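Enquirer: Listed here are the chains, written in short residue letters.
2 protein chains.
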Amino acid sequence: MITSVQNNKVKEWNKLKKRKEREKRNVFFIEGMHLVQEALHSKWNLQEVIIQDGIELPEWLQQHTVTYVSDHVFKTISDTKAPQGIAAVVEMKPAILDKSLHKLVLLDAVQDPGNLGTIIRTADAAGFDGVILGEGTVDLYNEKVIRATQGSLFHLPIIQSNLLKEINELQKNDVQVWAATLEGAESYQQLPVPEKVALVVGNEGAGIDATIVQQADKKVHIPIFGQAESLNVSVATGILLYYIAMK
Amino acid sequence: MITSVQNNKVKEWNKLKKRKEREKRNVFFIEGMHLVQEALHSKWNLQEVIIQDGIELPEWLQQHTVTYVSDHVFKTISDTKAPQGIAAVVEMKPAILDKSLHKLVLLDAVQDPGNLGTIIRTADAAGFDGVILGEGTVDLYNEKVIRATQGSLFHLPIIQSNLLKEINELQKNDVQVWAATLEGAESYQQLPVPEKVALVVGNEGAGIDATIVQQADKKVHIPIFGQAESLNVSVATGILLYYIAMK
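The listed protein sequences derive, respectively, from chains A and B.
For what it's worth, my numbering labels the leading residue of the first sequence as 88, then goes sequentially.
For what it's worth, my numbering labels the leading residue of the second sequence as 88, then goes sequentially.
Just so you know, the hints here were simulated from the structure itself, not pulled from any lab data.
One should not assume that every hint holds.
The list makes no distinction among identical chains, and a pair is therefore deemed to hold if it is satisfied within one copy or across any two copies.
Once the Cα atoms are required to be at most 20 Å apart in a straight line, the calculated EDC-like pairs of lysine to aspartate or glutamate come out as [unchecked claim]:
#: 1; residue 1: LYS162; residue 2: GLU291
#: 2; residue 1: LYS334; residue 2: GLU273
#: 3; residue 1: LYS231; residue 2: ASP199
#: 4; residue 1: LYS186; residue 2: ASP199
#: 5; residue 1: LYS130; residue 2: GLU316
#: 6; residue 1: LYS96; residue 2: ASP216
Keep in mind that this is a model prediction, so the values were computed, not measured.
Work out the full structure, taking the sequences as your base and the hints as a guide.
Expert: The structure is reproduced here in structure tokens:
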């Protein structure tokens with residue numbers, strides 16, 4: 088059992104809080120029973136499973152090699168207020184968005200980790216085929232993003248790419264691209280849902296970059312009936328994804 | 088100008104981070120240009136406006152008495168990473184939900200401040216008439232809740248009450264009560280939207296209390312098409328509020 092925070096392994100785990108280190112080693116850190124279980128069930132490779140002393144090993148982990156650590160050590164590696172005593176180092180897996188994908192979400196510079204994670208969770212729930220993260224979007228492997236996905240990051244392909252390039256390719260494959268924006272946009276219920284559709288949503292403050300909006304096939308907005316100026320981006324995305332999914 | 092954190096006013100402002108103190112004095116603390124402006128425009132009483140030294144007083148505040156504080160003092164009273172140098176102490180205002188209200192949201196023990204604030208913002212955007220916070224729901228005047236409302240807490244009546252009592256009264260006034268739940272529920276698109284409707288949503292983990300679900304007229308759920316187990320509560324609420332609003 089590891090009882091010292093000076094232990095090299097502990098130092099390596101803590102370094103994974105930094106994006107640069109995650110990308111260098113091609114792994115990321117997750118914690119909590121549900122996330123570790125989702126990763127394993129979705130056949131992601133757990134490089135290391137870390138269990139706090141006294142926590143009972145769940146049955147689905149009994150074939151797995153685990154590293155035990157003291158309460159104190161677990162607290163130092165945990166990012167949560169009430170740690171569940173289970174964590175893992177997970178290997179990144181290159182995602183592939185193939186040509187058969189019909190429903191996609193594209194994110195332009197979404198910056199709040201909670202929003203990104205929630206949008207991925209919603210895309211999963213709505214049965215979407217994949218998510219494309221444009222430049223300027225918060226890192227997928229940020230701990231808060233992972234927590235907000237509730238495990239959905241293990242369920243559907245998520246790639247990081249240049250949105251203009253991807254939109255261009257999608258359009259060649261008969262995918263209709265919708266940009267969620269306010270100016271010159273149609274109310275979503277006016278838009279017939281095509282077989283293949285990609286929804287682009289944008290930054291919390293600035294919305295979608297103008298060049299990307301121009302490239303889209305349709306501009307879509309959600310009407311505001313009260314005095315609020317706008318909707319939260321993950322709520323707006325949820326409304327549009329379910330509008331598409333329920334058609 | 089106040090330059091010492093030992094100043095009594097500074098101590099009083101800092102005490103407002105605690106619910107007990109807010110309730111005792113019947114005021115709450117807000118910060119940021121947009122929130123202060125929304126409070127003023129919505130005719131809430133600003134007991135005190137606090138401006139950081141060097142920040143230009145916006146035109147709409149020039150009739151108002153303001154208290155200037157040093158950078159250092161502002162940092163100690165601010166809850167944000169990048170303070171905008173403007174804050175206010177706002178008087179609470181008793182909200183009234185009268186009998187003419189047709190569209191309401193009821194929250195049973197929603198605990199995440201971001202979720203509560205986002206739901207209030209969405210209820211405002213969707214043109215709902217009011218929000219009822221049941222027991223066990225996070226405090227409306229929590230700083231994170233206020234920030235997530237983006238000012239919508241100043242736009243529509245929000246009361247704290249016992250949900251069973253309120254549901255009983257709503258039903259007497261021909262309001263149809265919908266409970267968002269998984270078991271024995273109909274998919275939302277199956278439900279015709281009545282003229283008067285109150286949507287109840289529940290706790291992030293446990294959902295709505297069983298007694299409340301039983302009391303509801305309809306049980307409603309959002310279908311899950313992928314592998315996610317559920318939706319985030321503010322996303323789910325957004326989908327249902329807009330389903331109701333767009334009918």
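Enquirer: Is it within, between, both or neither when you check LYS334 against GLU273 at 20 Å Cα-Cα?
Expert: Intra 17 Å, inter 17 Å, cutoff 20 Å: intra and inter.
Enquirer: Between the shortest in-copy and the shortest cross-copy C-alpha distance, which are at most 20 Å for LYS162 and GLU291: within, between, both, or neither?
Expert: neither (33 Å within a copy, 25 Å between copies)
Enquirer: At most 20 Å between C-alpha atoms: does LYS231 with ASP199 qualify within a copy, between copies, both, or neither?
Expert: both (9 Å within a copy, 14 Å between copies)
Enquirer: Regarding LYS130 and GLU316, is the shortest C-alpha distance of 20 Å or less found within a copy, between copies, in both, or in neither?
Expert: between (43 Å within a copy, 18 Å between copies)
Enquirer: At 20 Å max between alpha carbons, let me know whether LYS96 reaches ASP216 within a copy, between copies, both or neither.
Expert: Neither. Shortest intra-copy (36 Å) and inter-copy (55 Å) distances fail the 20 Å Cα cut-off.
Enquirer: Given identical chains, is LYS186 near ASP199, meaning Cα to Cα at most 20 Å, within a copy, between copies, both, or neither?
Expert: Neither. Shortest intra-copy (30 Å) and inter-copy (39 Å) distances fail the 20 Å Cα cut-off.
In this structure, the earlier hints numbered 1, 4 and 6 are contradicted, and the remaining ones agree with it.
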